[in-house]
Amino acid sequence: MLQGVNTIVGAAPAPDLDAQLMLRVRDGDEHSFGILLEKHRNPVIHFVYRMVQDRAVAEELSQEVFLRVYRSRGTYEPTARFTTWLFRIATHLALNWLRDGRKERGHQRLDAPMKTEKDGDIPGREVPDRKPSAEQRMVYETRLQEIREAIALLPEKQRAAVLMHKYEEMDYSQISNVLECSESAVKSLLFRAYEALRARLAHMDTGGAR
Amino acid sequence: MTCPLQTEQTDLLLDYSAGRLPFRGMDALAEHMKTCRDCASFLREQKAVWDALDLWDPGPVSLDFNRRLWQRIDAAAAVPWYTSLADWFRFDNWKPMIPLTAAILVIAAGFVLDHPGARNPASGISVREADQVEQTLDDIQLLNQLDAVIPASAPDDKRGASKPM
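From first to last, the protein sequence lines stand for chains A and B. Counting in our numbering, the first sequence runs from 38 upward without gaps. Counting in our numbering, the second sequence runs from 7 upward without gaps.
FYI, nobody ran anything at the bench for these hints, they're computed from the structure. Treat the hints with caution; some may be incorrect.
[Claimed, not checked] DSBU-like mimics (lysine-lysine), calculated; alpha carbons at most 30 Å apart, straight line:
(1) B:K53 to A:K194
(2) A:K224 to B:K40
(3) A:K76 to B:K53
Take these sequences, add in the hints, and give me the full structure.
So this is what it looks like as structure tokens:
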């Protein structure tokens with residue numbers, strides 16, 4: 038039965054439209070780069086943000102990710118999926134930043150206000166409920182803080198693996214390509230990471246957040 | 007069905023929890039869960055983690071993100087080639103090479119100290135030693151010349167020596 042399960046999981050890869058767009062960028066089509074940017078901007082920024090847990094740094098590093106993609110357009114070859122390449126760059130930048138210890142320069146609080154283009158400040162955090170009570174908000178903030186700490190306590194590679202598995206819905210093969218390790222290593226990373234998260238967060242039975 | 011926990015196939019349980027198993031796999035595991043307390047407990051805890059992680063909304067992205075990126079792209083394109091070249095030679099770019107270079111130098115120094123005979127002998131000769139060698143060669147040449155002269159005069163010397171007797 039388990040063999041059957043594994044067989045079904047391995048499906049034929051879909052044609053990589055992003056790679057085709059990137060090939061157009063290589064040929065000088067800036068509009069295609071705009072499409073790629075629009076499509077992957079939020080996932081990249083969110084991934085980097087969850088890695089470094091600093092909003093300003095996440096955007097700065099994400100800018101660097103797309104800048105590198107654009108600069109490399111001339112030598113781009115679609116040897117792997119575009120998202121694999123993109124997240125490999127993002128992961129390297131995030132890991133380098135974490136290893137450089139720049140995170141010590143001060144975390145921005147999650148509830149810190151963010152500037153918008155309209156010169157207005159919007160709350161950095163929004164509680165899912167439209168009009169949360171003060172108590173609900175406090176409970177939410179406490180849970181969020183626990184989640185952030187639980188993720189931050191994971192070793193960097195485990196953290197990257199979990200974030201790609203959970204939020205980017207990548208399969209083991211793609212995560213292994215991003216992290217440049219074997220699939221079994223990824224499974225091991227994920228097992229240990231989720232084991233740690235279960236120990237820290239299992240008490241937080243939210244009854245289905247979404 | 008074999009227990010995924012016993013066969014160390016926890017990835018199946020993770021995929022099940024994430025709803026990423028195909029229907030047949032989901033069905034088989036759901037059946038297994040009815041009889042396996044360990045797997046059921048694993049899944050309950052994993053689901054709690056999964057739901058907790060869903061709470062973490064990273065929030066909105068700056069509205070001027072694209073504009074700032076295009077500005078950087080334009081600025082990079084406007085940079086003259088010699089500035090890019092100078093940037094390439096910046097110390098920061100070479101910083102990662104320092105440990106490697108130091109390691110290579112240490113290894114090379116160790117090799118040279120360990121193999122003194124491998125050095126070029128000519129490189130170790132001082133001026134004085136060179137003068138001595140030259141002097142020796144001159145002496146040898148002089149002796150050769152003397153050898154060429156002495157055989158002719160030697161019989162006379164012998165005769166002269168016997169005269170007083």
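Hints, verified against the model:
1. B:K53 to A:K194: Roughly 22 Å between the alpha carbons, so the hint for K53 of chain B and K194 of chain A holds.
2. A:K224 to B:K40: At roughly 25 Å apart (the allowed maximum being 30 Å), K40 of chain B and K224 of chain A satisfy the hint.
3. A:K76 to B:K53: holds (29 Å)
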